[in-house]
Amino acid sequence: MKELGEAIRVIFDKIGDFFDILDLSFLISGAAALGALWFLADQYQFQWPEAISGTSLLVGLFFVCYLSGLICFALGRWLRGMVLGAQKGFDRTFRAVLDAHGLDEFAPYKPYLERKSRGLHSLYVRMWAELRETPDLAPSMALCKRYWVMAATYDGVAFALLIWIGSIILWKSGLLPAAPPTDQSFLLILMILCFAFYGCLREASRYKLNQIEELTATLAMHHGREK
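Following the numbering used here, the numbering of the sequence shown begins with 2 at its first residue and continues without gaps.
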(Lines of atoms letter the chains of each structure in order from A and count residues from 1; the text may use other names and numbers.)
(Lines give C-alpha, C1' and ligand atoms only; values in the text may rest on other atoms or scores of the structure.)
Protein backbone atom coordinates (compact mmCIF):
# COMPACT_ATOMS: atom_id res chain seq x y z
CA MET A 1 0.00 0.00 0.00
CA LYS A 2 2.87 2.36 0.75
CA GLU A 3 4.38 1.73 -2.69
CA LEU A 4 0.97 2.30 -4.31
CA GLY A 5 0.50 5.57 -2.46
CA GLU A 6 3.96 6.73 -3.49
CA ALA A 7 3.25 5.83 -7.13
CA ILE A 8 -0.03 7.78 -7.06
CA ARG A 9 1.73 10.78 -5.53
CA VAL A 10 4.37 10.71 -8.28
CA ILE A 11 1.63 10.57 -10.94
CA PHE A 12 -0.17 13.58 -9.46
CA ASP A 13 3.14 15.45 -9.19
CA LYS A 14 3.74 14.82 -12.89
CA ILE A 15 0.24 16.06 -13.73
CA GLY A 16 0.87 19.16 -11.62
CA ASP A 17 4.18 19.77 -13.41
CA PHE A 18 2.36 19.50 -16.76
CA PHE A 19 -0.19 22.14 -15.77
CA ASP A 20 2.60 24.37 -14.43
CA ILE A 21 4.10 24.34 -17.93
CA LEU A 22 0.75 24.58 -19.74
CA ASP A 23 -0.75 27.32 -17.59
CA LEU A 24 -4.48 27.06 -18.20
CA SER A 25 -5.05 30.60 -16.91
CA PHE A 26 -4.07 31.82 -20.38
CA LEU A 27 -7.23 30.19 -21.71
CA ILE A 28 -9.35 32.83 -19.96
CA SER A 29 -7.91 35.81 -21.80
CA GLY A 30 -7.52 33.76 -24.97
CA ALA A 31 -11.20 32.81 -24.98
CA ALA A 32 -12.21 36.44 -24.34
CA ALA A 33 -10.07 37.68 -27.24
CA LEU A 34 -11.26 34.89 -29.51
CA GLY A 35 -14.86 35.82 -28.66
CA ALA A 36 -14.28 39.33 -30.01
CA LEU A 37 -12.69 37.99 -33.19
CA TRP A 38 -15.52 35.48 -33.56
CA PHE A 39 -18.01 38.35 -33.25
CA LEU A 40 -16.29 40.21 -36.10
CA ALA A 41 -16.07 37.05 -38.24
CA ASP A 42 -19.75 36.37 -37.69
CA GLN A 43 -20.64 39.92 -38.75
CA TYR A 44 -18.95 39.30 -42.10
CA GLN A 45 -20.56 35.83 -42.30
CA PHE A 46 -17.22 34.06 -42.42
CA GLN A 47 -17.65 30.42 -43.36
CA TRP A 48 -15.57 27.99 -41.33
CA PRO A 49 -14.23 24.91 -43.18
CA GLU A 50 -16.65 21.99 -42.88
CA ALA A 51 -13.76 19.67 -42.01
CA ILE A 52 -13.36 21.50 -38.71
CA SER A 53 -15.98 19.91 -36.47
CA GLY A 54 -16.38 17.59 -33.51
CA THR A 55 -13.14 16.66 -31.76
CA SER A 56 -10.94 18.57 -34.22
CA LEU A 57 -12.95 21.73 -33.48
CA LEU A 58 -12.53 21.35 -29.73
CA VAL A 59 -8.79 20.64 -30.01
CA GLY A 60 -8.37 23.53 -32.42
CA LEU A 61 -10.27 25.91 -30.16
CA PHE A 62 -8.15 24.86 -27.19
CA PHE A 63 -4.86 25.63 -28.92
CA VAL A 64 -6.14 28.81 -30.57
CA CYS A 65 -7.42 30.06 -27.18
CA TYR A 66 -4.12 29.16 -25.53
CA LEU A 67 -2.08 30.87 -28.23
CA SER A 68 -4.34 33.92 -28.10
CA GLY A 69 -3.95 33.98 -24.31
CA LEU A 70 -0.15 33.99 -24.58
CA ILE A 71 -0.30 36.89 -27.03
CA CYS A 72 -2.79 38.79 -24.84
CA PHE A 73 -0.57 38.25 -21.78
CA ALA A 74 2.55 39.54 -23.53
CA LEU A 75 0.82 42.61 -24.97
CA GLY A 76 -1.22 43.21 -21.82
CA ARG A 77 1.88 43.26 -19.60
CA TRP A 78 3.59 45.66 -22.00
CA LEU A 79 0.44 47.80 -22.05
CA ARG A 80 0.30 47.93 -18.25
CA GLY A 81 3.85 49.22 -18.24
CA MET A 82 2.85 51.95 -20.70
CA VAL A 83 -0.35 52.98 -18.89
CA LEU A 84 0.65 52.61 -15.25
CA GLY A 85 4.44 52.93 -15.47
CA ALA A 86 4.92 49.43 -14.08
CA GLN A 87 8.74 49.36 -14.20
CA LYS A 88 9.25 52.64 -12.34
CA GLY A 89 6.54 51.62 -9.91
CA PHE A 90 8.27 48.28 -9.34
CA ASP A 91 11.64 49.88 -8.51
CA ARG A 92 10.08 52.32 -6.05
CA THR A 93 7.85 49.69 -4.43
CA PHE A 94 10.58 47.05 -4.16
CA ARG A 95 12.97 49.49 -2.46
CA ALA A 96 10.27 50.55 0.00
CA VAL A 97 9.36 46.93 0.87
CA LEU A 98 13.02 45.98 1.33
CA ASP A 99 13.45 48.93 3.69
CA ALA A 100 10.29 48.06 5.63
CA HIS A 101 11.61 44.55 6.34
CA GLY A 102 15.20 45.62 7.02
CA LEU A 103 16.64 43.77 4.04
CA ASP A 104 18.15 46.89 2.47
CA GLU A 105 20.96 46.64 5.06
CA PHE A 106 21.24 42.85 4.91
CA ALA A 107 24.85 42.06 3.89
CA PRO A 108 24.14 39.65 0.98
CA TYR A 109 21.55 42.02 -0.49
CA LYS A 110 23.07 45.45 0.13
CA PRO A 111 25.68 45.26 -2.70
CA TYR A 112 22.88 44.79 -5.22
CA LEU A 113 21.29 48.07 -4.11
CA GLU A 114 24.56 49.93 -4.59
CA ARG A 115 24.93 48.90 -8.22
CA LYS A 116 24.05 51.48 -10.83
CA SER A 117 22.81 49.03 -13.45
CA ARG A 118 19.99 46.48 -12.92
CA GLY A 119 20.81 46.04 -9.26
CA LEU A 120 17.18 45.84 -8.13
CA HIS A 121 16.25 43.48 -10.93
CA SER A 122 19.18 41.18 -10.14
CA LEU A 123 18.31 41.18 -6.44
CA TYR A 124 14.70 40.31 -7.22
CA VAL A 125 15.85 37.34 -9.34
CA ARG A 126 18.18 36.20 -6.55
CA MET A 127 15.40 36.35 -3.97
CA TRP A 128 13.21 34.20 -6.20
CA ALA A 129 16.10 31.72 -6.48
CA GLU A 130 16.42 31.61 -2.68
CA LEU A 131 12.71 31.01 -2.28
CA ARG A 132 12.73 28.27 -4.92
CA GLU A 133 15.77 26.46 -3.50
CA THR A 134 14.59 26.47 0.14
CA PRO A 135 12.25 23.50 0.70
CA ASP A 136 10.91 24.88 4.00
CA LEU A 137 9.50 27.89 2.15
CA ALA A 138 7.42 25.81 -0.29
CA PRO A 139 4.05 27.24 0.94
CA SER A 140 5.22 30.80 0.24
CA MET A 141 6.58 29.70 -3.13
CA ALA A 142 3.15 28.33 -4.03
CA LEU A 143 1.47 31.58 -2.92
CA CYS A 144 3.90 33.74 -4.92
CA LYS A 145 3.28 31.59 -7.99
CA ARG A 146 -0.45 32.04 -7.46
CA TYR A 147 0.00 35.82 -7.34
CA TRP A 148 2.01 35.66 -10.59
CA VAL A 149 -0.70 33.61 -12.31
CA MET A 150 -3.43 36.04 -11.23
CA ALA A 151 -1.40 39.06 -12.40
CA ALA A 152 -0.78 37.35 -15.75
CA THR A 153 -4.48 36.52 -16.09
CA TYR A 154 -5.55 40.11 -15.47
CA ASP A 155 -2.91 41.42 -17.89
CA GLY A 156 -4.23 39.10 -20.58
CA VAL A 157 -7.89 39.89 -19.90
CA ALA A 158 -7.10 43.62 -20.06
CA PHE A 159 -5.79 43.28 -23.60
CA ALA A 160 -8.71 41.03 -24.59
CA LEU A 161 -11.07 43.78 -23.36
CA LEU A 162 -9.16 46.25 -25.51
CA ILE A 163 -9.95 44.06 -28.54
CA TRP A 164 -13.63 44.12 -27.52
CA ILE A 165 -13.51 47.92 -27.21
CA GLY A 166 -12.12 48.14 -30.73
CA SER A 167 -14.81 45.74 -32.02
CA ILE A 168 -17.61 47.79 -30.44
CA ILE A 169 -16.20 51.01 -31.92
CA LEU A 170 -16.08 49.36 -35.36
CA TRP A 171 -19.67 48.26 -34.89
CA LYS A 172 -20.80 51.76 -33.93
CA SER A 173 -18.86 53.37 -36.80
CA GLY A 174 -20.98 51.46 -39.33
CA LEU A 175 -18.08 49.43 -40.72
CA LEU A 176 -19.84 46.17 -39.86
CA PRO A 177 -22.82 44.78 -41.82
CA ALA A 178 -25.08 44.72 -38.75
CA ALA A 179 -27.05 47.79 -37.79
CA PRO A 180 -25.03 49.87 -35.28
CA PRO A 181 -26.22 50.09 -31.65
CA THR A 182 -28.03 53.12 -30.33
CA ASP A 183 -25.98 55.90 -28.79
CA GLN A 184 -27.17 54.99 -25.29
CA SER A 185 -26.31 51.32 -25.71
CA PHE A 186 -22.94 52.13 -27.25
CA LEU A 187 -21.93 54.52 -24.48
CA LEU A 188 -23.08 52.09 -21.77
CA ILE A 189 -21.18 49.15 -23.26
CA LEU A 190 -18.10 51.28 -23.92
CA MET A 191 -18.06 52.65 -20.36
CA ILE A 192 -18.36 49.16 -18.89
CA LEU A 193 -15.57 47.80 -21.08
CA CYS A 194 -13.26 50.77 -20.38
CA PHE A 195 -13.90 50.51 -16.64
CA ALA A 196 -13.23 46.76 -16.73
CA PHE A 197 -10.07 47.33 -18.80
CA TYR A 198 -8.61 49.80 -16.31
CA GLY A 199 -9.76 47.66 -13.38
CA CYS A 200 -7.90 44.64 -14.78
CA LEU A 201 -4.69 46.66 -15.15
CA ARG A 202 -5.01 47.91 -11.56
CA GLU A 203 -5.75 44.42 -10.25
CA ALA A 204 -2.72 43.01 -12.08
CA SER A 205 -0.58 45.68 -10.40
CA ARG A 206 -2.09 44.81 -7.01
CA TYR A 207 -1.20 41.14 -7.42
CA LYS A 208 2.32 42.13 -8.46
CA LEU A 209 2.59 44.18 -5.25
CA ASN A 210 1.29 41.24 -3.20
CA GLN A 211 3.91 39.03 -4.81
CA ILE A 212 6.71 41.45 -3.90
CA GLU A 213 5.40 41.76 -0.33
CA GLU A 214 5.10 37.99 0.13
CA LEU A 215 8.54 37.26 -1.34
CA THR A 216 10.26 39.91 0.78
CA ALA A 217 8.40 39.09 4.00
CA THR A 218 9.13 35.38 3.60
CA LEU A 219 12.87 35.88 3.15
CA ALA A 220 12.97 38.47 5.95
CA MET A 221 11.40 35.91 8.27
CA HIS A 222 13.74 33.19 6.98
CA HIS A 223 16.82 35.33 7.62
CA GLY A 224 15.45 36.75 10.87
CA ARG A 225 15.71 40.32 9.57
CA GLU A 226 12.11 41.54 9.79
CA LYS A 227 11.79 44.72 11.86
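Take these hints with a grain of salt, some might be off.
[Said to hold, decoys possible] Estimated spans, in silico, between C-beta atoms of each pair:
id, residue 1, residue 2, range
1, VAL84, SER123, 55 to 65 Å
2, ALA97, ASP137, 19 to 29 Å
3, GLY103, ASP137, 13 to 23 Å
4, GLY167, PRO140, 34 to 44 Å
5, PRO181, ALA218, 18 to 28 Å
6, GLU134, LEU59, 31 to 41 Å
7, LEU41, PRO140, 42 to 52 Å
8, PHE187, GLU134, 47 to 57 Å
9, TRP79, ARG147, 18 to 28 Å
10, LYS117, MET192, 41 to 51 Å
11, LEU191, GLU106, 45 to 55 Å
12, SER186, ASP137, 54 to 64 Å
13, TRP79, LEU121, 15 to 25 Å
None of these hints come from the bench; they were simulated from the model. Given the structure is predicted, the values throughout are model-derived calculations rather than measurements. Glycine included, every Cβ here is placed at the ideal spot set by N, Cα and C.
(message) If I claimed the Cβ atoms of LEU191 and GLU106 lie 45 to 55 Å apart, would that claim hold in this structure?
(response) holds, 50 Å
(message) Verify the CB-CB distance for GLY167 and PRO140 against the hinted window 34 to 44 Å.
(response) holds, 42 Å
(request) Take the C-beta atom of TRP79 and the C-beta atom of LEU121, compute their distance, and say whether it sits inside 15 to 25 Å. (result) Taking Cβ atoms as reference, TRP79 and LEU121 lie about 20 Å apart, which means the hint holds.
(message) If I claimed the Cβ atoms of LEU41 and PRO140 lie 42 to 52 Å apart, would that claim hold in this structure?
(response) holds, 45 Å
(request) For PHE187 and GLU134, compare the CB-CB distance with the range 47 to 57 Å and indicate the outcome. (result) Check passed, 54 Å falls within 47 to 57 Å.
(request) Check the following: the C-beta atoms of SER186 and ASP137 are separated by a distance inside 54 to 64 Å. (result) Given a distance of about 56 Å, which is inside 54 to 64 Å, the answer is holds.
(request) May I ask you to test the hint 19 to 29 Å on the CB atoms belonging to ALA97 and ASP137? (result) holds, 27 Å
(request) With respect to the beta-carbon atoms only, verify the hint that LYS117 and MET192 lie 41 to 51 Å apart. (result) Hint holds: Cβ distance 45 Å, inside 41 to 51 Å.
(message) If I claimed the Cβ atoms of TRP79 and ARG147 lie 18 to 28 Å apart, would that claim hold in this structure?
(response) holds, 23 Å
(request) For the range 55 to 65 Å, tell me whether the beta carbons of VAL84 and SER123 fit it or not. (result) violated, 26 Å
(request) For PRO181 and ALA218, compare the CB-CB distance with the range 18 to 28 Å and indicate the outcome. (result) Cβ of PRO181 to Cβ of ALA218: about 52 Å, so the range 18 to 28 Å is violated.
(request) Look at the Cβ atoms of GLU134 and LEU59 and judge whether their distance stays inside 31 to 41 Å. (result) For GLU134 and LEU59 the Cβ distance comes to about 40 Å; the hint holds.
Hint check: violations occur at hints 1, 5; the rest are consistent with the structure.
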